[in-house]
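K.L.:
These are the residues of each chain, in order.
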Amino acid sequence: MADPRFFDRQGPFALGDILARTEFRGVPDASLDRQFDDVAPLENASASNISFLDNPKYLSAFKETRAGACFVDPAQAEHCPSDTLPIVTAAPYLAFAQSAALFYPGETTSEVDVDDPNVYPTAKLGKNVKVSQGATIGAHAEVGEGTTVASNVHIGRGVVIGRNCTLRNSATVTHAIIGDRVDLGPGVRIGQQGFGFAPNPPGYVAVPQLGRVVIGNDVKIGANTAIDRGAGPDTQIGDHCQIDNLVQIAHNVVLGQGCVLAAQVGISGSTKVGNYVVMAGQVGVAGHLTIADGVTLAGKTGVTRDLTKSGTYGGFPAVPVRDWRIKVATLSRLARKRDR
Amino acid sequence: MADPRFFDRQGPFALGDILARTEFRGVPDASLDRQFDDVAPLENASASNISFLDNPKYLSAFKETRAGACFVDPAQAEHCPSDTLPIVTAAPYLAFAQSAALFYPGETTSEVDVDDPNVYPTAKLGKNVKVSQGATIGAHAEVGEGTTVASNVHIGRGVVIGRNCTLRNSATVTHAIIGDRVDLGPGVRIGQQGFGFAPNPPGYVAVPQLGRVVIGNDVKIGANTAIDRGAGPDTQIGDHCQIDNLVQIAHNVVLGQGCVLAAQVGISGSTKVGNYVVMAGQVGVAGHLTIADGVTLAGKTGVTRDLTKSGTYGGFPAVPVRDWRIKVATLSRLARKRDR
Amino acid sequence: MADPRFFDRQGPFALGDILARTEFRGVPDASLDRQFDDVAPLENASASNISFLDNPKYLSAFKETRAGACFVDPAQAEHCPSDTLPIVTAAPYLAFAQSAALFYPGETTSEVDVDDPNVYPTAKLGKNVKVSQGATIGAHAEVGEGTTVASNVHIGRGVVIGRNCTLRNSATVTHAIIGDRVDLGPGVRIGQQGFGFAPNPPGYVAVPQLGRVVIGNDVKIGANTAIDRGAGPDTQIGDHCQIDNLVQIAHNVVLGQGCVLAAQVGISGSTKVGNYVVMAGQVGVAGHLTIADGVTLAGKTGVTRDLTKSGTYGGFPAVPVRDWRIKVATLSRLARKRDR
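Chains as they are written, first to last, in the numbering used here: chain A, 1 to 340; chain D, 1001 to 1340; chain C, 2001 to 2340.
A portion of the hints provided could be inaccurate.
Taking beta-carbon pairs under 7 Å as the criterion, some of the chain C residues facing chain A (in silico) [said to hold, decoys possible]: (1) PHE2013; (2) GLN2192; (3) GLY2203; (4) GLY2284; (5) LYS2327.
Think of the hints as simulated: they come from the structure by calculation, not from any bench.
A quick note: this is a predicted structure, and the numbers were derived from the prediction, not measured.
A virtual CB, placed ideally from N, CA and C, is assigned to each residue, including glycine.
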């Protein structure tokens, strides 16, 4: 279930009431009174939860789920476990989004703390915490000893910040658990909703983003960098990571320990990055990939597949840097030949 | 004429006074007392307006303009309509910039509302509008029912925001008309002046940016994304567009309905994007292009020409994605051959 | 020495006390009482300063340094001048970082002005300076006549801003000296610490960033752009530069006069850019390079070597644009041939 520090869950609801929020109308009447108390990913769902299978990549998790009910595409429905009620629909992700919005209706604005004094009375500030002009600290947030909060910073409801951190001017942090000695640059954006939506022509339905951002100790994050919270799992940044300015880290990304990301790097959703990975400026990494420990990526590299071995890579699509150099030299030679 | 919600026009001025602001000195004395009340693009200009022709691409608009006077390069002057006074100069864009600054002298700082209370008395707030700490709302701005304005947001003079919108922390909005159910991420910048200047050695003269940003309904815009206002025409974002973090949208860009732009995409000035166009991360699109409905661009694609057919494109310069894959495979094969 | 407007230096310290902060333990006892009063780069260091040689590129500066002591790798130690005490260590950059932190312990938070009123009493504001809601101006800062400071801007301690500047909403400026008629877009970040750290497994040690950002006259900087302060030397932006949105300029970068940088450009640390250089959108330039006057870079160009001649370049790695077009055409032809 979503962390109650950040998300207020409603319910339980009868299946019939849940389905009334979706476009789905095909469940046997006998099931409509059954009560559900939450939405959950396949692997964590219990008998009172509703889940979904959208991407066939997760079929094995579907076969072993303990979810009480599951939105599923007709093509995969036959694999539904016997204790799970299949709700067969051509748009399982949309139905899940609509159901999740019933349980978590306030999700999309929960980072906005209005009608507050600058520091909410229920916020807990450690010794020697300094809070500058115009900073706002939300309900039940915790800020550790010796941390400095610069002017116009926003710390959202329930956020936990460790000791001896520095939050520079106009940074915003919501839905996050942050370690000690973390340095957030000016204009950093942490914990906002990720880029998650289900098509629902003519538009899209936002999929409630129910995870968090979890940041370790001794992390530095540069100016105007954005780190979205997880969609269900958490976005994670390991100890000692050094992240430069204007970097984009999407929902569910996991960075291991000691990674170094130069300016304007972008990592797409759900990619897992190992330990001590180095990415030079303007690198882009596609989503749902795995990058091994000790990988180094040259500037502007575009990664479109898993990189399972440490070493240095370059080019787009990314290849070992030696191969990239040979490609560049080969093309230069052929072009010169043609030019003559 | 520029929207008076956002721009205070001065004048009318005699042509002689206008030209005294420019480096131009060659108009017949008989014309110097003629009065002009505004600057305008060729296609909208009336007999009391001054316009300019800089880019030969717009020659046909010049031939049909109803402008009272027009700055024009010697090479195009012969095409001037008989009712339009040609003001022949080697630097028509510079002369226009200098003239426009006479009519709109406050343009460059109009988004700064100083000496205000947090919410200007003339601002109109609908029912259930929530305004958090440190947010500022300028003169004559309108905020629709149920909209939430988080801490340290700035809504400039005359801005119109629809119903049930969410403006997250530290977002800034000026010179904009925004629909209903729009979600602006933290640190979003909407409506600032675009990147427009005329060379005037040793430096440049800012060209007053007299357009707006017009955003439809049900649009989501991610953290720290920047959308500049139009230079004369408006920058437009259609209904249902989903825009991720750290995206750049330049002046005069038009996005159709339901477009999806992933993080760190950049679209240069005056490009027109059709409906349901999808751009993956770090895509770049050059200026003054047209992208057809239904185009999908793979990550890091660089678009340098019009894309007139729907379909998926990749690479730089962009080609149909199948062709791009063949190019990648071809080069890999040649490089391997060379390496052996 | 670091500018005392921005940095509070401690000391002097005995060499023994300095080395106790590092991992180094091999200096002759006779030197341990010697007093040092600052850290400094090789070329500026005096007999009472400690310096370091890390990158062999700077060997000639090492041979001529007047530093009293110098951290140096065993391989270069033999080149140490006779008046300089070599402190031979396998990690000279780390030892320097640790020493510098002793002299400048507050460096990492000096841009945070807490417990202030919005405008510090020691700040000096010229005539007709306008300061909007929620803006903060630090101790001893100076803001010139006619400058406008929009809502929620932060001007740090000691910053100097010239006349008739505009600082738009939520911009932050620290450790900077700025000229006249400079326009800073909303969310601009100027003067934060650069991306400088020495490996110290399992993590990294921040290298105190002791330089400034120095900006000339008539400069425009777009929304959410980041310009880091120098590491020791200054980051410099020449007169008349026009910088668009979401641009990254790293520590020690020097831009000459009249440069034009389009959106999402990134320039890595210590690169020197000449006069009237133009970079189109999403260009990336590696660190420690030199770009000649009058160079133009096409969109998405990646520069990995010095460009010593003016002209237009494109591609990655960057080549003269004509060569790049031939490369693109050559590969297209070969791919089509293969496809048949």
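K.L.:
Hint by hint, note whether the structure agrees.
P.N.:
Now for the hints, and whether the structure bears them out:
Contact between PHE2013(C) and chain A, as hinted, is not supported at the beta carbon level, the nearest pair being about 23 Å apart and thus beyond 7 Å. The beta carbon of GLN2192(C) comes within 5 Å of a beta carbon in chain A, closer than 7 Å, and the hint placing it at the interface holds. Against a cut-off of 7 Å between C-beta atoms, the interface hint on GLY2203(C) holds, since the closest Cβ of chain A lies about 4 Å away. Checking GLY2284(C) against chain A by beta carbon gives a least distance of about 5 Å; that is within 7 Å, so the hint holds.
Because the beta carbon of LYS2327(C) sits about 4 Å from the nearest beta carbon in chain A, less than 7 Å, this interface hint is met.
In the structure shown, a violation is registered for the earlier hint numbered 1 alone.
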